[in-house]
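Got chain A; can you put chain B on it based on the hints?
2 protein chains.
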Amino acid sequence: MRIGICAPATPLGKDQAAAVWALAERYYPDAELIFHPQCFYEHGHYAGTDQQRLDAFVQMANDPTLEAIWFAKGGYGSNRIAQRAVSALAAPAAEKTYLGYSDMGYLLGSLYRAGIGRQAHGPMVTDISREGGADTVARSLDWLVRGDPSGLEPELVAGERYAAFNLMTLAMMTGSAIMPDLSGHIVIVEEVAEYLYSVDRLFFHLTQALEGKGVTGIRLGLVNAVPENDRPFGSSAEEIARDWCARSGIAYLGRAEIGHAASNHVVPFGKMPG
Amino acid sequence: MRIGICAPATPLGKDQAAAVWALAERYYPDAELIFHPQCFYEHGHYAGTDQQRLDAFVQMANDPTLEAIWFAKGGYGSNRIAQRAVSALAAPAAEKTYLGYSDMGYLLGSLYRAGIGRQAHGPMVTDISREGGADTVARSLDWLVRGDPSGLEPELVAGERYAAFNLMTLAMMTGSAIMPDLSGHIVIVEEVAEYLYSVDRLFFHLTQALEGKGVTGIRLGLVNAVPENDRPFGSSAEEIARDWCARSGIAYLGRAEIGHAASNHVVPFGKMPG
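Keeping their order, the protein sequence lines are chains A and B. Basically this note's numbering = 1-based index in the first sequence + 1. Basically this note's numbering = 1-based index in the second sequence + 1.
If you are wondering where the hints come from, they were derived from the structure by calculation, not from laboratory data. Any given hint could turn out to be false.
[Said to hold, decoys possible] Output of the computed footprint for chain B on chain A, the stretches with three or more beta carbons under 8 Å from beta carbons of chain B:
id, region
1, 78–84
2, 200–210
3, 225–238
[Unchecked claim] Computed Cβ-Cβ distance ranges for the label pairs, DEER-style:
id, chain 1, residue 1, chain 2, residue 2, range
4, A, Asp136, B, Gly250, 44 to 50 Å
5, A, Ser88, B, Gly14, 51 to 57 Å
6, A, Gly215, B, Gly271, 50 to 56 Å
7, B, Ala159, A, Glu239, 50 to 56 Å
8, A, Arg119, B, Gly255, 43 to 49 Å
9, A, Pro30, B, Gly255, 57 to 63 Å
[What the hints assert, rightly or not] Which bits of chain B does chain A cover? Going by a derived footprint, with three or more residues having C-beta under 8 Å, they are:
id, region
10, 78–85
11, 140–147
12, 175–188
13, 225–236
Since this is a predicted model, take the numbers as computed values, not measurements. Heads up, the beta-carbon is just placed ideally off N, CA and C, and yes, glycines get one too.
Okay, chain A solo, but in the shape it has when bound (with noise of 0.2 Å):
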């Protein structure tokens, strides 16, 4: 199986990709992984300019003889080039799955609006770096390249649809030309490093555009590394997430081991089967 990998947004290391390439050399001898350059590139806070990561992109998912793209970096920026991104996308890239989290669900809800290829919430090329991060990077490995679904979300339900994405990265994503619809879809959100006013202003706005939309739930993921603020806030996410599901009417439907740690775990956008 060749896989492509792409950073729509901000650079990936080179020990980074060099480390999953070794544990992909070793542990998966039937996965190819092909490195876009742009992967490596640097144009202020980016991995390249716009068209760069838009170019990169677009060439890898057009690419017949890839299967697969494997998003290699979140941290910001593909919102910018999605919509003109999935515009450009030719019939090979309605034959691939891609696979990432964070900020790259920018991209996996343009695709998924738009109905081109699989789209699935999962571990990333840059979480080997993470404590344990062979195991994490294995899940998303597993499931891309043997079908394996050890590493899918533990509570995933046959028969319910379901789309996983970063809060703010959801809640940017409301209104725009690239929001998908997500009625009937279970909707699991995980949040890191903003502070929980932050998460409460970002329940409130989601909330509201969810609210009469049809959505069957929303589980929360992993909230962590909140900053400190000055004073406690006064409620954990959980407490926050089952207030403003509350007040729109929404069925919240408890944790999900997803989010910005060792822990993540692979979502598959749609009907889980069963």
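Chain B in isolation, oriented as in the chain A frame:
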């Protein structure tokens, strides 16, 4: 003129209240400042529970002996009570001016949407703590108490319609039940203490929400106290604003003198008289 002061988000400092009280005593003998005790309540992050903050605002807004509500301070949290607040307002609330900025944009926007009273973006009680804060606060009091236009944002044009918001606050309001109709308006936004990638993300979201909605254009206030990121972002706040406005076909109309600083000015919502 009797002016009610409450704090729908976070608590006001008692020293700040005392300093503004003394300033008003000395320079604005026609103004009577009535501080609601709720200004000093503390409940986790907030100046009291949602119910306490809601009750204080509604009580003052519905008080026929008060001519204006001057918000004490922003922070975060007025979105949590804005919708319920507006639906609890009675006839005396429609006769008032409401003045504040930052997080108070949720309430100003809600009131503007509902057509209740007159709203203005402008300095609050808490701004007394800035260097030169007496002049800052005086811009609000001059305008509120004496109708003196010298504290207005310098480039407001007679006959144009305006609304001014914190960028994050307006971005979070889009698509919600409290979002006002900004068609035909020059929308002024400012931001504080956000990374430039966050400013970029917020402009993506805001311009996607306003695209095709008939806004006259966007002006950019101060974007200050930007945290240092691990690498320079690569474009300025104004370049970000220009870029996203151009992508959405929204006119970018230049800078404006509002923001989280001593240089903040008053921007009355709606049509500028002339």
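Cross-check of the supplied hints:
no. : hint                               : verdict
1   : 78–84                              : holds (count 3)
2   : 200–210                            : holds (count 7)
3   : 225–238                            : holds (count 6)
4   : A/Asp136 with B/Gly250: 44 to 50 Å : holds (48 Å)
5   : A/Ser88 with B/Gly14: 51 to 57 Å   : holds (52 Å)
6   : A/Gly215 with B/Gly271: 50 to 56 Å : violated (36 Å)
7   : B/Ala159 with A/Glu239: 50 to 56 Å : holds (51 Å)
8   : A/Arg119 with B/Gly255: 43 to 49 Å : holds (46 Å)
9   : A/Pro30 with B/Gly255: 57 to 63 Å  : holds (60 Å)
10  : 78–85                              : holds (count 3)
11  : 140–147                            : violated (count 0)
12  : 175–188                            : holds (count 4)
13  : 225–236                            : holds (count 6)
In this structure, the earlier hints numbered 6, 11 are contradicted, and the remaining ones agree with it.
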